[in-house]
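Engineer: From first to last, the protein sequence lines are chains X and V. Quick note on this note's numbering: the first sequence kicks off at 1 and runs consecutively. Quick note on this note's numbering: the second sequence kicks off at 1 and runs consecutively.
Quick caveat, the hints were computed from the structure, so don't treat them as lab data. Think of the CB as a built atom: it goes at the ideal place given N, C-alpha and C, for glycine as much as any other residue. Treat the hints loosely; a few may be bogus.
To give an idea of the chain X side of the interface with chain V (calculated C-beta under 7 Å), a few residues [what the hints assert, rightly or not]:
(1) G19
(2) V20
(3) S69
No farther apart than 25 Å at their CA atoms in a straight line, the calculated lysine-lysine pairs in the PhoX-like style are these [what the hints assert, rightly or not]:
(4) X:K164 - X:K68
(5) V:K423 - X:K149
(6) X:K149 - X:K68
(7) V:K95 - V:K161
(8) X:K149 - X:K159
(9) X:K68 - V:K95
(10) X:K164 - X:K152
(11) V:K161 - X:K152
(12) V:K403 - V:K423
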Amino acid sequence: MGDAELVQAVVQGDTEAVGVIWDRYSTLVRTVLRSNLGFDSATEDLLQEVFIIFLRNAREIRTGSALKSFLATVAVRVVLVELRRRRVRRWVTLTPTGEVPEPATAPQDEDGAAALGALYRLLDRMPPRRRVAFVLRHVEGFELSEVAKSLKVSESTAKREVMKARQAIFARAERSEPALWHYLSRFQEGEHA
Amino acid sequence: MRDPLNELGALAHQRASAEPTPELAAEGRQRIMVRAADLGAERARAWRRPAVLTAFAAAAAIAVFFGVFRSRPIGYIVLGSGEQTSDYLSAPADKPAEVRFTDGSELTAQPGTRLRVDQARNNGARVLIERGVATASVKHADRSNWQFVAGPFEVHVTGTKLTLGWDPLKEEVDLVLHEGSVEVESPLARGHFAVRAGQHFHASLLDGSMRVDNTNAGSSAAKQPEATPAVEASSSPEVLASKAKPEPALAPRAEAKLAPHSKLNSSPAVQSDAPRESWPELVRKGQFQVVVSAAENRGIESCLSSCTAADVRALADAARYSGKSSLAEQSLQSLRRRFSGSGEGSAAAFLLARLSESRRQLAAADGWYETYLREAPRGQFASDALAGRMRAVAALRGSAAAKPLALEYLRSYPDGVHAPAAKKLGGFD
Numbered sequence: 001m002g003d004a005e006l007v008q009a010v011v012q013g014d015t016e017a018v019g020v021i022w023d024r025y026s027t028l029v030r031t032v033l034r035s036n037l038g039f040d041s042a043t044e045d046l047l048q049e050v051f052i053i054f055l056r057n058a059r060e061i062r063t064g065s066a067l068k069s070f071l072a073t074v075a076v077r078v079v080l081v082e083l084r085r086r087r088v089r090r091w092v093t094l095t096p097t098g099e100v101p102e103p104a105t106a107p108q109d110e111d112g113a114a115a116l117g118a119l120y121r122l123l124d125r126m127p128p129r130r131r132v133a134f135v136l137r138h139v140e141g142f143e144l145s146e147v148a149k150s151l152k153v154s155e156s157t158a159k160r161e162v163m164k165a166r167q168a169i170f171a172r173a174e175r176s177e178p179a180l181w182h183y184l185s186r187f188q189e190g191e192h193a
Numbered sequence: 001m002r003d004p005l006n007e008l009g010a011l012a013h014q015r016a017s018a019e020p021t022p023e024l025a026a027e028g029r030q031r032i033m034v035r036a037a038d039l040g041a042e043r044a045r046a047w048r049r050p051a052v053l054t055a056f057a058a059a060a061a062i063a064v065f066f067g068v069f070r071s072r073p074i075g076y077i078v079l080g081s082g083e084q085t086s087d088y089l090s091a092p093a094d095k096p097a098e099v100r101f102t103d104g105s106e107l108t109a110q111p112g113t114r115l116r117v118d119q120a121r122n123n124g125a126r127v128l129i130e131r132g133v134a135t136a137s138v139k140h141a142d143r144s145n146w147q148f149v150a151g152p153f154e155v156h157v158t159g160t161k162l163t164l165g166w167d168p169l170k171e172e173v174d175l176v177l178h179e180g181s182v183e184v185e186s187p188l189a190r191g192h193f194a195v196r197a198g199q200h201f202h203a204s205l206l207d208g209s210m211r212v213d214n215t216n217a218g219s220s221a222a223k224q225p226e227a228t229p230a231v232e233a234s235s236s237p238e239v240l241a242s243k244a245k246p247e248p249a250l251a252p253r254a255e256a257k258l259a260p261h262s263k264l265n266s267s268p269a270v271q272s273d274a275p276r277e278s279w280p281e282l283v284r285k286g287q288f289q290v291v292v293s294a295a296e297n298r299g300i301e302s303c304l305s306s307c308t309a310a311d312v313r314a315l316a317d318a319a320r321y322s323g324k325s326s327l328a329e330q331s332l333q334s335l336r337r338r339f340s341g342s343g344e345g346s347a348a349a350f351l352l353a354r355l356s357e358s359r360r361q362l363a364a365a366d367g368w369y370e371t372y373l374r375e376a377p378r379g380q381f382a383s384d385a386l387a388g389r390m391r392a393v394a395a396l397r398g399s400a401a402a403k404p405l406a407l408e409y410l411r412s413y414p415d416g417v418h419a420p421a422a423k424k425l426g427g428f429d
């Protein structure tokens, strides 16, 4: 069954279609949530939030092909709200304890893991929109136009946010995150190339 | 040279893409399917309301036609609106806008608020808040009848002063009562919730939660007890933490006082006051794991054979909403055995049907739906049960076999939420 038929079935109250859509897209949405927020206990609840918003708004999805981008956009929206909530609650960290998020499987690259932890510490200090713009561009590999669409800003604004995030990361890494600075420098020197 | 941030991003993506455990994935799937079924039931109830309103509107039109209503509807003027096209009012971003009604009632829309005077009647009006916060001071008079609508929440007012806010993005409503009392109709629960002066009602559609706190906003706030539901809430996963700590008066975009997550499957530790609360009350507060643990401590078998119908139903709900479908089924079967012929027994048949349908046990689902319809043909789940039969029969025996059920659905619920599906099956599309 295609996305269009599934969305139509959901609109008509078919709960089984919801399960099929879950099977098809929950991994994508979970990845967007984790790459923005890290691994923590809230991820699965936020994943539910995204799908509940989809259930409430399924009628507005005009074509089946829009389903994937709809879910991704909602996921970004949920991320922004969550980041603001955490900011308000001074939970500006990847996990409630402030530790670097734990992956399901530990990466082999220990330097990479340390650099990644440092990267997310720096991202935690950024405004939510800038942080999400960076993650969508560099972690999720979105085109700038897709970043702009997801954040509901112009492409030039999206580009500016990504650039400012990059500048902040390089500047702060050099100043306060030696593991990240070392990792980035090695790449620039071609060690990993 | 490769971009080092892209390389690091790829590493982050690789970690974020790690598969969840099969148990976690299955639990998530089950949760969303249960929520989808519940939303379907909510919508069915919501769809019946416009039909009633339409009937009233038609009756009112006929009455006006025959000159029964000779008084004129209430009038109003708008001051300070950045935009007023037809009945819409959009307050500028930097200052409030006011609406003054001819009966002396007043409405102040906070900066950035957008609202609409949907209906102006001779004894009041219906005001829709599309986004933002508005404070209303409604003049009390005999037969006065005002409604303020925020998303799917409806506040019924006869005379009062209130502040109502609706955030369509977060799907959250906040209501502060400064004077008088109101009744709130919420899609998260059956019946109306009474909110009194000095109280703050907050509900989140996303969390499926509601709570009422005392505030210092009203003149008699300190003397008022916590709100009580005018009609008992349904056992769906709403939270009514009526003894929450007092909060400051409502502010627009009040992120600073948002409660922490209270999700469907949240599993709080056993709380110190748990023994004092009934299981249905704990379920209403979303403390599903507390209920399940209490039943386990007591002995599931013992409980299923000796607990009251309300407690067994609470256990079934707690199990359903925490993904323990086997325990939910056991509890519902117990209700069927021990309380056949009662409302709880019939409702158990419907919930067993839902459970079977979610497991793709369609013949069993059809049987339970049929049982429910036989026992409670006008019950609160009747339309959903009929639609469930329609789906199950269509899947088991094809569209032609399901057509009579579709026609029956359309005859009984022409505006029901499953009407489009019924029309398709009935060949009316």
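Engineer: All the hints need checking, so say for each whether the structure fits it.
Structural biologist: Hints, one by one, checked against the model:
{"no.": "1", "hint": "G19", "verdict": "5 Å, holds"}
{"no.": "2", "hint": "V20", "verdict": "10 Å, violated"}
{"no.": "3", "hint": "S69", "verdict": "18 Å, violated"}
{"no.": "4", "hint": "X:K164 - X:K68", "verdict": "28 Å, violated"}
{"no.": "5", "hint": "V:K423 - X:K149", "verdict": "36 Å, violated"}
{"no.": "6", "hint": "X:K149 - X:K68", "verdict": "13 Å, holds"}
{"no.": "7", "hint": "V:K95 - V:K161", "verdict": "21 Å, holds"}
{"no.": "8", "hint": "X:K149 - X:K159", "verdict": "12 Å, holds"}
{"no.": "9", "hint": "X:K68 - V:K95", "verdict": "39 Å, violated"}
{"no.": "10", "hint": "X:K164 - X:K152", "verdict": "18 Å, holds"}
{"no.": "11", "hint": "V:K161 - X:K152", "verdict": "37 Å, violated"}
{"no.": "12", "hint": "V:K403 - V:K423", "verdict": "9 Å, holds"}
In the structure shown, a violation is registered for the earlier hints numbered 2, 3, 4, 5, 9 and 11, in ascending order.
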